[in-house]
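There are 2 protein chains.
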Amino acid sequence: MDNFTFYSPTYFAFGKGTEMDAGKYVQKFNGSKVLIHYGSGSVIRSGLLDRIKASLEKVSIPYVELGGVKPNPRSGLVYQGIDLCRKESIDFILAVGGGSAIDSSKAIAAGTVYDGDFWDFYEGKPIEKALPVGIVLTIAAAGSEGSGDSVITKEEGMFKRGASGEAIRPKFSILNPELTQTLPPYQTACGITDILAHLYERYMTNTEEVETTDRMIEGLMLAMIHEGPRVIEDPNNYEARANIMWAGMMAHNNSCGVGRSQDWSSHNIEHELSALYDCAHGAGLAVVMPAVMRYNMRHNIMRFAQVATRVWGCQVDFNNPARTALEGIKAFSDFLTSIGMPKNFKELGAKEEDINKLSHSACFGDVNKGSINGFVTLNEEDVQNIYRMML
Amino acid sequence: MDNFTFYSPTYFAFGKGTEMDAGKYVQKFNGSKVLIHYGSGSVIRSGLLDRIKASLEKVSIPYVELGGVKPNPRSGLVYQGIDLCRKESIDFILAVGGGSAIDSSKAIAAGTVYDGDFWDFYEGKPIEKALPVGIVLTIAAAGSEGSGDSVITKEEGMFKRGASGEAIRPKFSILNPELTQTLPPYQTACGITDILAHLYERYMTNTEEVETTDRMIEGLMLAMIHEGPRVIEDPNNYEARANIMWAGMMAHNNSCGVGRSQDWSSHNIEHELSALYDCAHGAGLAVVMPAVMRYNMRHNIMRFAQVATRVWGCQVDFNNPARTALEGIKAFSDFLTSIGMPKNFKELGAKEEDINKLSHSACFGDVNKGSINGFVTLNEEDVQNIYRMML
Numbered sequence: 012m013d014n015f016t017f018y019s020p021t022y023f024a025f026g027k028g029t030e031m032d033a034g035k036y037v038q039k040f041n042g043s044k045v046l047i048h049y050g051s052g053s054v055i056r057s058g059l060l061d062r063i064k065a066s067l068e069k070v071s072i073p074y075v076e077l078g079g080v081k082p083n084p085r086s087g088l089v090y091q092g093i094d095l096c097r098k099e100s101i102d103f104i105l106a107v108g109g110g111s112a113i114d115s116s117k118a119i120a121a122g123t124v125y126d127g128d129f130w131d132f133y134e135g136k137p138i139e140k141a142l143p144v145g146i147v148l149t150i151a152a153a154g155s156e157g158s159g160d161s162v163i164t165k166e167e168g169m170f171k172r173g174a175s176g177e178a179i180r181p182k183f184s185i186l187n188p189e190l191t192q193t194l195p196p197y198q199t200a201c202g203i204t205d206i207l208a209h210l211y212e213r214y215m216t217n218t219e220e221v222e223t224t225d226r227m228i229e230g231l232m233l234a235m236i237h238e239g240p241r242v243i244e245d246p247n248n249y250e251a252r253a254n255i256m257w258a259g260m261m262a263h264n265n266s267c268g269v270g271r272s273q274d275w276s277s278h279n280i281e282h283e284l285s286a287l288y289d290c291a292h293g294a295g296l297a298v299v300m301p302a303v304m305r306y307n308m309r310h311n312i313m314r315f316a317q318v319a320t321r322v323w324g325c326q327v328d329f330n331n332p333a334r335t336a337l338e339g340i341k342a343f344s345d346f347l348t349s350i351g352m353p354k355n356f357k358e359l360g361a362k363e364e365d366i367n368k369l370s371h372s373a374c375f376g377d378v379n380k381g382s383i384n385g386f387v388t389l390n391e392e393d394v395q396n397i398y399r400m401m402l
Numbered sequence: 012m013d014n015f016t017f018y019s020p021t022y023f024a025f026g027k028g029t030e031m032d033a034g035k036y037v038q039k040f041n042g043s044k045v046l047i048h049y050g051s052g053s054v055i056r057s058g059l060l061d062r063i064k065a066s067l068e069k070v071s072i073p074y075v076e077l078g079g080v081k082p083n084p085r086s087g088l089v090y091q092g093i094d095l096c097r098k099e100s101i102d103f104i105l106a107v108g109g110g111s112a113i114d115s116s117k118a119i120a121a122g123t124v125y126d127g128d129f130w131d132f133y134e135g136k137p138i139e140k141a142l143p144v145g146i147v148l149t150i151a152a153a154g155s156e157g158s159g160d161s162v163i164t165k166e167e168g169m170f171k172r173g174a175s176g177e178a179i180r181p182k183f184s185i186l187n188p189e190l191t192q193t194l195p196p197y198q199t200a201c202g203i204t205d206i207l208a209h210l211y212e213r214y215m216t217n218t219e220e221v222e223t224t225d226r227m228i229e230g231l232m233l234a235m236i237h238e239g240p241r242v243i244e245d246p247n248n249y250e251a252r253a254n255i256m257w258a259g260m261m262a263h264n265n266s267c268g269v270g271r272s273q274d275w276s277s278h279n280i281e282h283e284l285s286a287l288y289d290c291a292h293g294a295g296l297a298v299v300m301p302a303v304m305r306y307n308m309r310h311n312i313m314r315f316a317q318v319a320t321r322v323w324g325c326q327v328d329f330n331n332p333a334r335t336a337l338e339g340i341k342a343f344s345d346f347l348t349s350i351g352m353p354k355n356f357k358e359l360g361a362k363e364e365d366i367n368k369l370s371h372s373a374c375f376g377d378v379n380k381g382s383i384n385g386f387v388t389l390n391e392e393d394v395q396n397i398y399r400m401m402l
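So the protein lines, in turn, are chains G and L. Going left to right, the first sequence walks through residues 12 to 402 as my numbering numbers them. Going left to right, the second sequence walks through residues 12 to 402 as my numbering numbers them.
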């Protein structure tokens, strides 16, 4: 196990009706004027926004609003948010929504107190400080509610980049599974896929003897495999929603990823797809992950055989563990199909003729310098091959 | 799943050599004068104390020392520590040791800034504030390094009571698995048993549909079952020590225990044993737990069958799941024996003639009002029966 530090000081309030306490938590973390940042009209239509405003009014905390966050949140709105926060002397940002609203809020939080262009952080500049951020989560997926990460799409060129820092880790996150019950099955399944990706990408490690975090990841995967189909079958299943919501946070707060190398290749390769085609991130991952796994499998067959056996219930072929490994990848791929996820470029709306462009952008982004360095080092040709496996 | 809040703001520094940064972390959390609180001479003999002092001197932070913490830490030393902290204007307590040194430090931290008798907190008074506490952990067991809990033995009457509060949650915990390599196998096994108890007592719940936390607990148990025997075989196995150390923290920071009722019966019943006979807490648990399980099994046979199957690899007897449940309890009990833990009163040094006294104290302590309320409500007669099963 590698040396590490772990710090997760977010306060979580979990369960039915907890959004009613949003104002109380803003107060607890010293907010005195709030930007409520959210996405589409669904938080308005559902009455959620009104409940949150009422909770702020109850503790006499003034607020301004900025809606309009889109999936794969854009830099343009972040600049708007920064201007608004400065003009209104905002000292607390309350994100209401899923990963997109949260990531956009984190970007605004860091950008507001920074003299330069906020995009610097997404090109690798460390985030030193930020306004405090609180969350009311409406979809279990990104894990952004318990992480210090944010991903934004730059509109000039349409590419996605990530930034990280303790300063943008949420002060509190309100997790009410009821708020996710109105999500359509497709979006729910995208969330499930994203959570499984966060687990798989921590699982695919080159660090040896990491049994504790392996077992934690496997446990969370098993929970997702149990609860995923239950919630697709019955979107109102509160208990299944609750189990997925907590698993989604645990999958990405990194308690199960510490002390081991991780593999963010699938996220890297997917980001190019959702940036260019504006597809759902989870849907993109569903197409990308099985391809990456099949391409990388030979790098460590026993690791793939292990997850196949422990998570997917495959029998070990002791004479040919590669068969077990492949069986596990197929079981994962079949699972994604069973919850309604796309299988290939076509179903995703991606185009074969873009493969070279996608591969180049994935390998020569602001962070990657010619290759994606994860479980296996993937150069541009490797990435082209992987995209081709998705056709 | 029940509503819950979860807040775990401890900063963890994990890995080789991390104790060299103790001074840096005290500084980070605003300590300006430190009480170093520790147990026996082993931290002196190993040179650990010197390394910690050097790290404090490096950042020019003055300190005083108080050693002498015993296993099952006593109230007497806590009073001494409180006096010392007041006299020396201490503003930070650094615990160097295992659960005992940590729990004693937490008690001193709360008592120093409280006008009354610190024991009030161990009779149920909420802890409102405390001096900040930092940890250098030397045994993986209690999980106190990541929890807001403390257990102290009152010398008048020799009984153990616990206190909890966010204020006594450590600011930082330094977890270097190397520091645990000098532990004798018996103490190592006691730690493994304590960690498994923290997992089992969260697992035995009356809350339904808690798949995510079930799976996390099972995963951590599986890791302990894998790593435990490896470290008993070879005490210098750093990797096994590291896996156990992180599992020990995760087992008790409550991320796998949220939203579900828990069952602290075994800890309650054991505390009477280690208080009266001064046996190791883990050794006491090894004797208590299988008895409690057999006594409680009929309350929910399927839950015991589940852990038997998922963790202990038992085949399900679909015609008679009670057989599976029993097989799982036997597998657990055999595991404890295999790592050198005692099986009964005699091996523990406990006496049959004390059973009535032990049972009465367990059921009528400061917290329990005639019964232990966990997975199953146990009255005095139940507890007597359970103690008798340990003969």
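Hints are not guaranteed to be accurate.
Because identical chains share one entry, a pair is satisfied inside a single copy or across any pair of copies.
Using 25 Å as the maximum straight-line C-alpha spacing, the simulated BS3-like pairs for lysine-lysine come out as follows [claimed, not checked]:
| # | residue 1 | residue 2 |
| --- | --- | --- |
| 1 | K182 | K81 |
| 2 | K136 | K39 |
| 3 | K69 | K44 |
| 4 | K140 | K35 |
| 5 | K182 | K69 |
| 6 | K140 | K182 |
| 7 | K136 | K165 |
| 8 | K39 | K368 |
| 9 | K44 | K182 |
| 10 | K136 | K341 |
| 11 | K98 | K81 |
| 12 | K362 | K27 |
| 13 | K368 | K182 |
| 14 | K362 | K136 |
| 15 | K182 | K64 |
| 16 | K357 | K81 |
| 17 | K341 | K368 |
| 18 | K69 | K354 |
Derived from the structure by calculation, the hints contain no laboratory data.
Quick rundown of the hints versus the structure:
1. K182 x K81: within (23 Å within a copy, 38 Å between copies)
2. K136 x K39: Classified as between; 23 Å across copies, 30 Å inside a copy.
3. K69 x K44: So K69 and K44 pass the 25 Å test inside one copy only (14 Å; across, 42 Å).
4. K140 x K35: both (24 Å within a copy, 21 Å between copies)
5. K182 x K69: within (20 Å within a copy, 32 Å between copies)
6. K140 x K182: Intra 13 Å, inter 20 Å, cutoff 25 Å: intra and inter.
7. K136 x K165: Close inside one copy (16 Å), not across copies (54 Å); limit 25 Å.
8. K39 x K368: neither (48 Å within a copy, 46 Å between copies)
9. K44 x K182: within (15 Å within a copy, 29 Å between copies)
10. K136 x K341: Close neither inside one copy (40 Å) nor across copies (56 Å); limit 25 Å.
11. K98 x K81: within (23 Å within a copy, 59 Å between copies)
12. K362 x K27: neither (43 Å within a copy, 49 Å between copies)
13. K368 x K182: neither (39 Å within a copy, 48 Å between copies)
14. K362 x K136: neither (33 Å within a copy, 65 Å between copies)
15. K182 x K64: within (19 Å within a copy, 34 Å between copies)
16. K357 x K81: Within. Shortest intra-copy distance 23 Å satisfies the 25 Å Cα cut-off; inter-copy 68 Å does not.
17. K341 x K368: Intra 28 Å, inter 60 Å, cutoff 25 Å: neither.
18. K69 x K354: neither (48 Å within a copy, 58 Å between copies)
Of the numbered hints given earlier, the model fails hints 8, 10, 12, 13, 14, 17, 18; all others are met.
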